[in-house]
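Chemist: As a plain string of letters, each chain reads:
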Amino acid sequence: MTFYLSGFRSIPKLWKSNPYFELGPATSSASFFFCVIGNQQRWLSVKATTPPNGKALNLLVTKARTHKKGNNNNEQVSSDPHYFAAGAAKKRSHIGANPQDQGHALPVRSSVQLPTKPLNSKEWDKLKEDFKGKASFEDFIISQMTRNCSSVDVAKSLLAWVAAKNNGIVGYNLLVKYLYLCVFHKQTSEVIDVYEIMKAKYKSLESGGYTLLIRGLIHSDRWRESLLLLEDVKKVMVPSKKNYGDCIQGALLHQDVNTAWSLYQELVGHNLVPPLETLKAFFDYGKDINDDHYSDKLLDILLYLRNNQLYPGESFAHSIKMWFESIPGRQWKGQFTTIQKSGQCSGCGRTIESIHLSPEEYEFLKEKIMRDVIDGGDQYKKTTPQELKRFESFVNSCPPFDIVIDGLNVAKMFSKGRESQNLLGVVSQLAQQNLQLLVLGRKHMLRPSSLWRKDEMEQVRKQAHCFFADNISEDDPFLLYATLNSGNHCKFITKDLLRDHKACLPDARTQRLFFKWQQGHQLAIMKGFQKSKLTFQHTLSYDTVVQTTGDSWHIPYDEDLVQRSSCEVPTKWLCLQRKTPGPC
Amino acid sequence: MSVTVRFLRPFARCLVPYTFHRKRSHLYSGVLQRYMSSKVPSLSCHKDSASHPEQLELDAWKATMKSSIQEDGVSEVSDKDDDSLAATRELIEMWRLLGKEVPEHITEEQLKTLMECASKSAKRKYLRYLYGKEKAKKAKQIKKEIKAEAREEAKRARLLETTTEEQQDFMFLRLWDRQINIALGWKGAQAMQFGQPLVFDMAYDDYMKPSELQNTVSQLLESEGWNRRNVDPFHIYFCNLKIDSAYHRELVKRYREKWDKLLLTATEKSPVDLFPKDNIIYLTADSPNVMTTFKHDKIYIIGSFVDKNAQTGTSLAKAKRLNLATECLPLDKYLQWEIGNKNLTLDQMIRILLCLKNTGNWEEALKFVPRRKHTGYLEVSGQSRELVRKLKKTKTLNSFQKGSLNARTWKR
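Quick mapping for you: the protein sequence lines, in order, are chains L and B. The working numbering applies: residue 1 is where the first sequence begins, and numbers increase by one. The working numbering applies: residue 1001 is where the second sequence begins, and numbers increase by one.
Accuracy of the hints is not assured; some may be wrong.
Below, a list of computed lysine-lysine pairs in the DSS-like style, where the Cα atoms sit at most 30 angstroms apart [claimed, not checked]: (1) L:K462 with L:K366; (2) L:K128 with L:K165; (3) L:K201 with B:K1277; (4) L:K132 with B:K1135; (5) L:K134 with B:K1277; (6) B:K1342 with L:K235; (7) B:K1137 with L:K502; (8) B:K1277 with L:K241; (9) B:K1112 with L:K234; (10) L:K242 with B:K1143; (11) L:K134 with B:K1125; (12) B:K1342 with L:K234; (13) L:K201 with B:K1135; (14) B:K1342 with L:K502; (15) L:K235 with B:K1133; (16) B:K1342 with L:K443; (17) B:K1135 with L:K443; (18) L:K242 with B:K1125.
Quick look at which bits of chain L chain B covers, simulated, 3 or more residues with Cβ under 8 angstroms [what the hints assert, rightly or not]: (19) 160-174; (20) 199-210.
Partial list, derived from the structure: chain B residues whose beta carbon lies under 7 angstroms from chain L [claimed, not checked]: (21) K1062; (22) L1085; (23) E1090; (24) M1094; (25) L1097; (26) Y1129; (27) A1285; (28) N1289; (29) T1293; (30) A1317; (31) K1320; (32) R1321; (33) L1324; (34) A1325.
Since the hints were made in silico from the structure, they are not lab data. Just so it is clear, the structure is predicted and the values come from calculations on it, not from any experiment. Glycine included, every Cβ here is placed at the ideal spot set by N, Cα and C.
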């Protein structure tokens, strides 16, 4: 599949928007050969084919826009988002890097011009003669068609031509790709025809074919058969979340709510994460019905989002808002807002849930960090038992710290200046505020060298507690433990996102706890210190998660135009509240 | 319409095992033939193509496709397990039609392994592995046939020519392979008595999956082969090799009856029990210490561990636990490293060590590092090179004497 990347750089967006592309390696090898062998190097005329879907174009445009936006943000550092805000990592990576898009590297080449209208068999024959390549002509041309979303009629004429040559037999791979085109263009009657053919010809299909059929059939009157197809898939493997999502949408389209909910239960039961479109579909459907049972289930979905730290997309957020506002008698009012630094919603002024962990969660996390991150089944991997003992007794002998500093990370943060000087600068600025400091480092920092001066290290040791680990030990786990051990008020300074340590944690729940704790306790230095005062990225005081107080809901959501990396949280919120306290 | 579906489905499912057991490989061709024979154009073309005026006959193919309904007899299948197996088989067959990388034939055993794969991607990977294996096997078979044919041809040609038979004088009978083997055996026996020990630490079987373990054993076999052919072989130790562990079983399986006649020491003991701790150097890529010269009086340990899971620091942790000295190869010093892991395979390691042992020349030794991993040798400045050479000279002289002395003490 990597072949695509080299050859078709400029159109991946086109078919990223295509929901399904499970067409197998035959296509990929075909296209690959074309990139290499196509000696004629004629440009594939994308214009000549049917215009690719508008969605793809929109995507391109929005992509460009976000890009621009990101750059603008760079210039105005003053309005800085917090360290884990959506898009912050991307912005950071742009600083210093050349913001040139490498997306448009290689042009698409093809030796065969895709037809735009149905051809007769003579024309197909002629086109085949032009074709040079190792893959079979039919295979190649139909996969080009699926890629460019040619019209169904053109594909049909190709199949007719193939069938005429082959005694009326069309291969399964051609049929599947034809089906893909039909589904893509929402030609339901064609889908049903192909469905009949497949049923007649093959005892069972494979996952790609089933997926397409399910997706095609849900819009027709025979949508119940897509449930049968789903059963067929289940015989061999767990259906994908998209299979379930399609079936649910089909059921909702045809007002069969019970089926939809039972499918949803099944989907969640398989530990699959339901696609957000599916959840949105539930909300969209909910506007038309007025049923307490149904609304309870919708609230359950919101709780599911909360527990799994999922954030709805922009359009989904609109759906949620519309649904709430459509509930009769309760008078919900929704607005899109942001949260102030103090943790108050700009819309209603309510305080958002605190980022701090509950005592039980805190203890749990502390134990997990000790057991899985530091110890990890083999104490020798990250440290040694002797060192661990030394560290524990050291931590217990000191008073609780206010700030734990990752010495090496801080020292190397500024390219200018000696490392020990950098460290001393940070430490002395913090020490002026009368904070209990702990500096974690490695033993090599004590050995005088051009980067680590002895007198400066002495001063650091005077102003802060220090712990130096062995040179081959890892210092980050100690940092985490020292911070956790000191209590909830303690913060730590490092620029590290600590993703590798998060990955050591055993399950998703613990990882989320860790992330929540990290958001609330990590300080990242933003500016230099020598001339200006030390400034930190402000830490969040509130937790970014779907939450309710009974008569209000606060739901963070992802904007369509912002790319958010997994270690960031959204910044935009949907604030819902009841105007008049209802009888609840 | 749904009636037909309900009727057709179980019907179709029942067919499967029967067809497959009968003739698995010819299923597709069989299917094809059936359709070829049923060329009768069908009547049930309910779509009116009149809707497209001046249109080519676009929908005709559908009719023929639809008319080809299976007409096989029914066989009874009751077992549910069989059912899912058959369904998987069918799925694979359909994937193959789609051009995915799946094997053409699959045995019951492999099918069971496939069903045990935890996730979809694991299944896909396993299928791709089987596909690759099948392809390689087929290619080999074809090559073999071609070779056999060529041999036949040559034989026939020789038969025609053998009219002129003349007596020739030879000094030796043609027994080269055997002679070589015997000579290598002698050398191996000598290495057992006086050779420098080289330890393979086999304590990693818990960290490896079966496939990785198999790779490790292959690498061990190859390393042993390289060592045997060398002018001055190491005395190889397989330490921590538990009898009847997966390692042991695999090694015995691969060496067969040769296992007991190998000129190396396999032991359940740890290297720490066999040698003085100060003389041991554990080689690991994670080590902070860089190996500068090959010391002939030290015992080098190589962890026989293929790590595809990126469990970094496992062997370093092991050495730390036993409190052993560690070293890594000076790859960065001599090579312009490009891609790939700094971990080398076991046979590459032993070839590098053998080369160092015999010549002490790093450039020469690091030729065994795969070329794809680096772009070339770094220029070590002339002065330092001179220094290194000088050092080497004295070192090799010293260590030679030491080494020979040590050999005697090891023998005990």
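Chemist: Are the hints correct? Go through all of them and say.
Modeler: Now for the hints, and whether the structure bears them out:
no. : hint                : in the structure
1   : L:K462 with L:K366  : holds (29 angstroms)
2   : L:K128 with L:K165  : holds (13 angstroms)
3   : L:K201 with B:K1277 : violated (72 angstroms)
4   : L:K132 with B:K1135 : holds (25 angstroms)
5   : L:K134 with B:K1277 : violated (62 angstroms)
6   : B:K1342 with L:K235 : violated (44 angstroms)
7   : B:K1137 with L:K502 : violated (44 angstroms)
8   : B:K1277 with L:K241 : violated (57 angstroms)
9   : B:K1112 with L:K234 : holds (17 angstroms)
10  : L:K242 with B:K1143 : violated (45 angstroms)
11  : L:K134 with B:K1125 : holds (26 angstroms)
12  : B:K1342 with L:K234 : violated (44 angstroms)
13  : L:K201 with B:K1135 : holds (28 angstroms)
14  : B:K1342 with L:K502 : holds (25 angstroms)
15  : L:K235 with B:K1133 : holds (27 angstroms)
16  : B:K1342 with L:K443 : holds (26 angstroms)
17  : B:K1135 with L:K443 : violated (55 angstroms)
18  : L:K242 with B:K1125 : holds (21 angstroms)
19  : 160-174             : holds (count 11)
20  : 199-210             : holds (count 11)
21  : K1062               : holds (6 angstroms)
22  : L1085               : violated (10 angstroms)
23  : E1090               : holds (5 angstroms)
24  : M1094               : holds (4 angstroms)
25  : L1097               : holds (4 angstroms)
26  : Y1129               : violated (15 angstroms)
27  : A1285               : violated (13 angstroms)
28  : N1289               : violated (10 angstroms)
29  : T1293               : violated (22 angstroms)
30  : A1317               : holds (4 angstroms)
31  : K1320               : holds (5 angstroms)
32  : R1321               : holds (5 angstroms)
33  : L1324               : violated (12 angstroms)
34  : A1325               : violated (13 angstroms)
This entry does not satisfy hints 3, 5, 6, 7, 8, 10, 12, 17, 22, 26, 27, 28, 29, 33, 34, going by the numbered hints stated previously.
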